[in-house]
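Enquirer: Take these sequences, add in the hints, and give me the full structure.
Here the protein sequences come in this chain order: D and C. With the UniProt record's numbering applied, the first sequence corresponds to residues 1 to 343, in that order. With the UniProt record's numbering applied, the second sequence corresponds to residues 1 to 343, in that order.
No lab work stands behind these hints, which were simulated from the structure alone. Ideal placement from N, C-alpha and C gives every residue a C-beta, glycine not left out. A portion of the hints provided could be inaccurate.
[Said to hold, decoys possible] Listing some non-contacts, in silico: residues in chain C with all C-beta distances to chain D over 10 Å:
id : residue
1  : Pro50
2  : Met72
3  : Gly121
4  : Asp212
5  : Asp216
6  : His226
7  : Glu230
8  : Gly238
9  : Arg280
10 : Ile282
11 : Val287
12 : Met297
13 : Asp304
14 : Arg316
15 : Phe322
[As the list claims (entries may be wrong)] Which residues of chain D face chain C? A few of them, derived with a C-beta cut under 10 Å, are:
id : residue
16 : Gly276
17 : Gln336
18 : Tyr340
[Stated by the list, open to error] List of simulated lysine-lysine pairs, DSS-like, C-alpha gap at most 27 Å:
id : chain 1 : residue 1 : chain 2 : residue 2
19 : C       : Lys96     : D       : Lys96
20 : C       : Lys11     : D       : Lys54
21 : D       : Lys187    : C       : Lys11
22 : D       : Lys300    : C       : Lys187
2 protein chains.
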Amino acid sequence: MKLATLKLDPKQRRDGELVVVSRDLRQAVSASDIADTLQQAIERWDAVSPLLEKRYDELNSGRAVGAFVLDMPSLHSPLPRSYHWADGSAYLNHVKLVRQARGAELPESLWNDPLMYQGGGDAFLGPYDDIEAVSEEHGIDFEGEIAVITDDVPMAVTPEQAAGHIKLIMLVNDVSLRGLIPGELAKGFGFFQAKPASSFSPVCVTPDELGDAWQDGKLHLPLTVHLNGEKFGEPEAGPDMIFGFPALVAHAARTRHLGAGAIVGSGTVSNPDPDGGPGRPIADGGVGYSCLAEVRMVEKILHDEIKTPFMRFGDRVRIEMFDREGQSIFGAIDQQVVKYPSP
Amino acid sequence: MKLATLKLDPKQRRDGELVVVSRDLRQAVSASDIADTLQQAIERWDAVSPLLEKRYDELNSGRAVGAFVLDMPSLHSPLPRSYHWADGSAYLNHVKLVRQARGAELPESLWNDPLMYQGGGDAFLGPYDDIEAVSEEHGIDFEGEIAVITDDVPMAVTPEQAAGHIKLIMLVNDVSLRGLIPGELAKGFGFFQAKPASSFSPVCVTPDELGDAWQDGKLHLPLTVHLNGEKFGEPEAGPDMIFGFPALVAHAARTRHLGAGAIVGSGTVSNPDPDGGPGRPIADGGVGYSCLAEVRMVEKILHDEIKTPFMRFGDRVRIEMFDREGQSIFGAIDQQVVKYPSP
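Expert: Written out as structure tokens, the structure reads:
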């Protein structure tokens, strides 16, 4: 099943309207008679999801009353806001490269103990919304990732138990301000200003929708990233994910209950070389990367010179995932960076 | 004006029911005809607050229809969950002592740049709810703090602009698992498992309710903490707060908009000695502390021996604030630590 959230007047209906989306992403139909919003649906998932599945079947077979042609920019992130947004960093090639760029070491413990930060969930961007930034000096970067939405997860679940709480899957652009990270991490409390509002793919899907691409709580397909219309990366999301989503959700829930609608992210998708090297940019015949920080570090390693700048006002990033038949699964995140006029 | 949230069936009505509370905390009356929940009220604060103020006046003068005797344990935290929970650390004596305990230095930058971490807001505890913990080995600690609730705060506001977005004030118990902190901070991403669910005072109040105790965006009254019925601390919350709430809110909003209902905390209230020393426990004639980590460090400094253990199952902490006439302002946070039975 595929679900999405129509944008409504943000002052009156911040959480938008729940819609069911057809498998081919061409059509949608309101589900607000079943649950007003995706947040409400996930809070009563066992009762609500069979009704949504039924409507999904009707929509795919052309029998849904009130179906309409889907206009992607009319969609918000599936959860326009969330009470819990936690982002892991399960692709250690990413961690290795960004730490190398900061001159920081990779602790051995990261192979056994997931790295995860708590993000702010109050004001996500829509998948086509501009990324407002105060200054290019902040080192504006994208991070292409995968994320899951859970129902209520009890404290201290095992990864096996956590797997059953993963209800929906989507893509993320975890916007990062690289220029603010070193100062912030030096203070010891982790990211804060360096992680402005994230955005999510217009459509989220149930695990069954992914067929055998969803295995061991990982999504075994490439993530496609374009920068200003040119392919920037298509790393495989499956093989190099050190911790699957069940382990990440269990990590998040180790000392507290997670409320329904919690979002847990994978971290930036990244593939090392088969020999453990840092991979190669598309231009050098590699699969590329899902963020600028990595390609910059690799340029330095390969050519001793950083060529790729961070994002500038007007730059555009597009993040998408296609199934084996070339069909977009989640729709695209497609965002332009713009200068924010200080209030 | 004083507001609170009645607990309702948590599966059906997670955000409870908004009530107006009398100044003396003895009575309450529903406000659900004005706004169902506090979250809904804060999203439309300019339109809603005059109606709530009117009901507050009626309640205080004995004219409110449907008023009932208030039973504190029937209340949840004012926001049972929040899309944004950010906690500063504006009392540097606290930062100094807990870092000393970990053998970490206090960077000079902390005098100019607020320390702040992002917390999880999906499942706050009620003020009388048990604190469930998996193990005493985690080093269970309380942290007595003050927090504010904002309406929508635009990105990059100045502290002066941020001041106008502070709509409500309350107390916090920012439960901390000291045993998990060093390992977590060593990974570089800040707190996660070390900060389980927080709880808030049963009642939140508008700034005008505090009279001249609210000055420069700080609350100039002592915070009273009892541990197992014995006074543990009553440090002054005003003078040693290095950054007032307007500066903390502006810090949180530097690179992103804050959605209405964002909570920003002060950090653990702590007073150094006039000569810059670390203060003294109540037993040694001082004003004491608002968390165990500090008293443990001071015991080590003063007596070269840590006597006070972290919280054990069955221990109880009570956090409250009284006005100059001895009247409780927010009601008490009063919580017992219990063992959580792993699922």
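Enquirer: Decide, hint by hint, whether the structure agrees.
Expert: Each hint, compared with the structure:
no.	hint	result
1	Pro50	holds (18 Å)
2	Met72	holds (23 Å)
3	Gly121	violated (5 Å)
4	Asp212	holds (29 Å)
5	Asp216	holds (22 Å)
6	His226	holds (25 Å)
7	Glu230	holds (27 Å)
8	Gly238	holds (24 Å)
9	Arg280	holds (27 Å)
10	Ile282	holds (29 Å)
11	Val287	holds (26 Å)
12	Met297	holds (17 Å)
13	Asp304	holds (27 Å)
14	Arg316	holds (20 Å)
15	Phe322	holds (31 Å)
16	Gly276	violated (21 Å)
17	Gln336	violated (17 Å)
18	Tyr340	holds (6 Å)
19	C:Lys96 <-> D:Lys96	violated (31 Å)
20	C:Lys11 <-> D:Lys54	holds (24 Å)
21	D:Lys187 <-> C:Lys11	violated (39 Å)
22	D:Lys300 <-> C:Lys187	holds (25 Å)
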